[in-house]
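One line per chain: the protein sequences are V and H, in this order. So the first sequence is numbered by our numbering: it starts at 19 and just counts up by one. So the second sequence is numbered by our numbering: it starts at 20 and just counts up by one.
Keep in mind the hints are simulated off the structure, nothing from the lab. In this text, a Cβ means the ideal position worked out from N, Cα and C, and glycines have one as well. Certain hints may be false.
Derived lysine-lysine pairs resembling DSS-like cross-links, with alpha carbons at most 27 Å apart [claimed, not checked]:
1. V/Lys370 - V/Lys218
2. H/Lys38 - V/Lys282
3. H/Lys393 - V/Lys282
4. V/Lys138 - V/Lys34
5. V/Lys34 - H/Lys335
6. H/Lys74 - H/Lys140
7. H/Lys225 - H/Lys205
8. H/Lys38 - H/Lys96
Covered by chain H, per the in silico footprint, the following chain V stretches (three or more residues, Cβ under 8 Å) [as the list claims (entries may be wrong)]:
9. 207-221
10. 277-283
11. 350-364
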Amino acid sequence: MAALTEEQSMIRDQAKSWTRDQAPVGKFREMRDSGIDSGFSPDTWSSMIEMGWTGIIVPEQYGGSDLGFLTFGVVLEEIGRQLTASPLFASALVGASAVVLGGSEAQKQAVLPGIVDGSKILTMALEEGPRHSPKNTSLTAEKHGDGYKLTGTKTFVQEGLSATTFVVVARTSGAPGDTDGITLFLVDADASGLSRNQVKTVDSRGYANLDFEGVEVGADAILGQLDAGYPVLEATLDRARAGISAEMLGTAAQAFDMTLEYLKTREQFGQVIGSFQALGHRAAGLFGQMELSRSCSEAALQAIDDNENVEQMASLSKCRVGEFLYEMSNQLIQIHGGIGMTDEFDAGLYLKRARTLETSFGNRSFHRDRYATLAGF
Amino acid sequence: MSNEQALKEFESTVREWVKENFPTSLAGSAMGLEGEADESSKTDFELWRQRLAEKGWGAPTWPVEYGGAGLSHPEAKIISHEMAKAGAFNPIPLLAGMGVTMVGPTLMEYGTDDQKARHLKGMASGEIRWCLGLSEPGAGSDLASLSTRAIDNGDSFVLNGQKTWTSGADVSQWCGALVRTDANVKKRDGISFVMLPMDQAGVTTKPIRLISGASPFCDTFFDDARAEKADLLGDLNKGWSVVKRLLQHERQSQTQARSPGGGGKKASLQEKAKAYVGTDENGVLADADLRIRLANHLMDSQAHGLTVSRITAEAKGKVEVSAAASILKNSATNIAQTKNELTMEFMGTQGIGWEGVDFADDELSNVKDWLWGKAISIYGGSYEVQNNIISKNILGLPETTQKG
């Protein structure tokens, strides 16, 4: 853990005890089994709002606490540990970042306080195909009177069923593959011509596909600059990447702790299995990976707070934490053996979540390639 | 005055002192001067050593009474930083062999007042070089099975046996050796740590040639060699706990990765790779498979550097012998070895030269580094021994049931 400030330590302790006592993985399991469409429990979400977590990166004049990304990461790590489901990440990190970075004063006043008090749930509508590729956006926004008309589809939209407002990535000029010609729009979920359908993913969270059939919006719906939305989009995505890496670190760290506990208690051949050198060395290797991943995750969040080298650090974090979570989630099952394969045990929930997180905001190969490009080769 | 202000002031004092005292003839020449330099350089080198030693800056964090300057770690860091900026260097840790980095810190913890008074100043001034007699032909990773015997002979011990991998034994004045003082108890309980002068009839050394060529390593033979009882470090038969501490200090000194890492300022690995392999029209390395492995290596290197900084920050500026040393040693090992392998790979046939004009200097030095680098995962506790330490001491997993 980074050398945290007193305030950050307090928030971490609060997040740790609250997730463990009020929103543990068992609660996620109950939610999954109850078949709630939204993919989260309303009381979990309202407690988060009460604790002020929705305002962590929102400036004070819009009702937030402006504590920064390293602080948000502390919370996300604990959420990742217990697989606590909520729109916190999609709305208060990704949505809020887009508005803080790209919004006009009027948009900030109209949207940010709503994110903080929970009356609005934002999410980004970006992906259109199975692979993360922001510049290949093709959903079109054509000039229509004083405003625009949006036509096309979006897939894999986080919290897409519960969101009140979408940050829609659209093409206003150029062709898929161009970074110029991309524009961000704020679109209400109840806009006419917009429909959403649940996507049932392996991690039982609330994803949706969106259909835009000539959705009309005013010119004031543009977030940032016409045709020049790409820099704000990338900056928002890098915040999402660093944030989701913190959550992934928590998920992997919990998987490590569960595995270590099992190594110390499970007996076979008349001794605890952790005494076998093959397993001891595997655990040692995973522990080393965890320490290195933590450094990357914290450094990426700090880079955002310092506004320094954000792109490289975000890709480093998503890739390295992703590597560790991939290994750890597989070893969680392998080392638990048969019990790990049963739905009754929690290992499967962590494995399923691990792969969903991996595909979000660019997988390891996307970020390895981006890192190499940024490093000039 | 705030701490930060005090450090700022210290920094300018150091800068001034280095400017006045460092012989500019030595600038940038670092450590390569020993042996090969001309007479005037040798004189300047000796002058610089003396000045540093008088100041206590050869081992700046050591107490003044033992030849150090009693400074904090942040202050010591400022000294090395300011020296580097001026092209200067601190030759004393190298001149003292294993003295400043390993024997000294251990002696401060376990030594008697008499031992500290007799030995530490010579290390801190760089005048007395130390070697370590630990490994034996039959005791490598399983160090505790060592068989060099020390027999009680009144005021001294008489030593018989062979040590190996004693780095710098042929040029050292003193040796710290691990010896068996009781053969009738469990192997770890009959070991003692003694210190003995190398210049005596019972000690002979023989250099070892490695796969990479000449090396600092020696075989060291004890034939009725003498170690005074006053030079027993720690209690009789308690040498195992002394050496465990000693090896922690060794790991600590080996945690720095040698690779410059992503975004480094030196001629970067990726630039070198591009020069050998070529690029496509977008500047992308022409070998896609190598490109990905190179990216992974640079990320590993950056993650390692970030971890060193993080652990240092968490320790609030104090660099201590920590549980993380084993993790960092293994990751530094991976990075150093991978760097040489990748370099060799992208150099192609230019990467496999042994000597001669067909190869550039950096091509030949990579070959030597690559071969020498195979030792990093063996010495100072092998890769596997580090994993045992992590699983047992850090993760709390039970002792393996294997013998040993």
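Each hint tested on the structure:
no. : hint                : result
1   : V/Lys370 - V/Lys218 : 12 Å, holds
2   : H/Lys38 - V/Lys282  : 58 Å, violated
3   : H/Lys393 - V/Lys282 : 34 Å, violated
4   : V/Lys138 - V/Lys34  : 26 Å, holds
5   : V/Lys34 - H/Lys335  : 24 Å, holds
6   : H/Lys74 - H/Lys140  : 12 Å, holds
7   : H/Lys225 - H/Lys205 : 32 Å, violated
8   : H/Lys38 - H/Lys96   : 17 Å, holds
9   : 207-221             : violated (count 0)
10  : 277-283             : holds (count 3)
11  : 350-364             : violated (count 0)
Checked against the numbered hints given earlier, this structure breaks hints 2, 3, 7, 9, 11; the rest are met.
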